[in-house]
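Please work from the sequences and hints to get the whole structure.
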Amino acid sequence: MVELHLALLLAGPAHGYEVKKAHDAWFPDARPLAFGQVYATLGRMVRDGLVEVVETRSDGGPERTVYAVTATGRERLDRWLEEPAAPAGTGPEDVVRKAVVALRAPVGARTAQDVLARQRTHHLRRMRELSEPGGDDVALRLARRHALLHLDADLRWLDEAAAALAPGGSTAAGTAGGPTPATPTTPEAPR
Amino acid sequence: MSQPADRQPGATPPGAAPPTGDGPLVALDAVAHAYARTPALRGVSLAVAPGEVVALTGPSGGGKSTLLHVAAGLLAPQAGRVRLLGQDLAGLGEAPRAALRRRGVGIVLQYGQLVPDLPLVDDVALPLLLEGSALEPARTAAREALALVGLEGLGDAVPAGLSGGQAQRAAVARALVAQPRLVLADEPVASLDPEGGRQVLDLLVTVARRGGGLLLVTHDNAVAARADREVRLAGGVVAHEAVLR
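Protein chains in written order, with this note's numbering: chain P, 17 to 207; chain Y, 567 to 811.
Since the hints were made in silico from the structure, they are not lab data. Glycine residues also receive a C-beta, built at the ideal position from the N, C-alpha and C atoms. Worth double-checking, as some hints may not be accurate.
As the list claims (entries may be wrong) - A few chain P residues facing chain Y, derived, Cβ under 7 Å:
#1 R113
#2 H138
#3 L140
#4 M143
#5 D168
Said to hold, decoys possible - Calculated from the model, a selection of chain P residues having no Cβ within reach of chain Y, i.e. all distances over 12 Å:
#6 D40
#7 V62
#8 P122
#9 D130
#10 A159
#11 L174
In structure tokens:
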């Protein structure tokens, strides 16, 4: 995303690889930026006057273009920070989509309860990874905490959904799959 | 209190580690139990291996606390078998079961665990004193355990002067003081703030990783996520079980 690239370049001119490394250090739990994506984004930003090429470096290796933020780029970043982000979770996310599909269009022997139970395990595993003790950096801790709280919100929803679908639960019958029978123990193999 | 406690027939001789080898620290097999006519457990099997942290989760009334009481030998189930530290509980009377618990099991229950008017240091030292330890070494170990849970310097306090979180920490200290092989805990960090809860949980998990075991009842996903395995109870049966590691 353009604004993040601007923010990463704000500390001083850098080439694409350094932008990628800085991004991955700021958001270690996010998917790492792809090189191709970084160069494509920087190219567009040059075109739009948000960054400029200040030099071409080749420290013994391949040539690298060094970028710097322009005044227009700073304004753009400032406006972005001023604008609150859209609240997440207001549209259906994949967790919800899968549960709805499992209820309305069941395929094979997979029940919605089974789908929910597997999702719970998947979420808990991710939560476990994120619960590993991290560093003292406050920005890192806050980003991780956000991810953990979101996972917890999903898990609470999954539990409510599982309870609603349990025999004697609060759902009315009449969903495409009908009431699902009690699932016996479904141990899953370790990854 | 410095005299050895009475040894019960059938219990492990003093000083001997409870015999479990590599087998599970606790194993429940097809356990069923009902209160009046309300079934709480309807055929549950579960085992905790050495070094393993198992989270017992599920909706309220699903049987979690009942299962923990059964695992601890505090409640004899109406059906099924329980092996605790290698011993079949059905073959043991009340006294030898208590002795087995004192020697090898640390228990943190949800409510009312501290003895009123007893200074914390003596309360935490109780498991050692009941095993016949002399007073001063037991108090030293108790002060160390209190320091581990962040209550150093509070040895002379009595329960009435403690916050809920401090009382819960003290209960954890008492469960760990005798260096048990297995810890059974019912919502052990529920009354702590997130950071305090994380510290106490770190401690319990560390103890388990050293070859002990931890069976943990919790409704908190963040706590369950620390476990190696989740066993989810609903309606008195295992609804779902998964390896998290």
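Okay, the hints, checked on the actual structure:
Below 7 Å, beta-carbon pairs count as interface contacts, and R113 of chain P has none with chain Y, the closest being about 21 Å; its hint is therefore violated. Proximity of H138 of chain P to chain Y is violated relative to the hint, the smallest CB-CB distance being about 9 Å (cut-off 7 Å). Hint on L140 of chain P holds. Least Cβ distance to chain Y is approximately 5 Å, under the 7 Å limit. For the restraint placing M143 of chain P at the interface with chain Y, the shortest Cβ-Cβ distance is roughly 4 Å, inside the 7 Å limit, so the hint holds.
With its C-beta approaching chain Y no nearer than about 5 Å, D168 of chain P sits inside the 7 Å limit, and its interface hint holds. At roughly 24 Å from the closest C-beta of chain Y, the C-beta of D40 of chain P stays outside 12 Å, upholding its exclusion from the interface. With a cut of 12 Å on Cβ distances, V62 of chain P stays outside the contact zone with chain Y, its closest approach being about 44 Å. In this structure P122 of chain P is separated from chain Y by more than 12 Å, as the shortest Cβ-Cβ distance comes to about 18 Å.
Distance check on D130 of chain P: its Cβ comes as close as 9 Å (rounded) to a Cβ of chain Y, failing to clear the 12 Å threshold; non-interface status is violated. With a minimum CB-CB distance of about 16 Å to chain Y, A159 of chain P clears the 12 Å threshold, and the non-interface call stands. The Cβ of L174 of chain P does not lie farther than 12 Å from every Cβ of chain Y; its closest approach is about 9 Å, which violates its non-interface assignment.
The structure fails to meet hints 1, 2, 9 and 11 from the earlier list, while all remaining hints are met.
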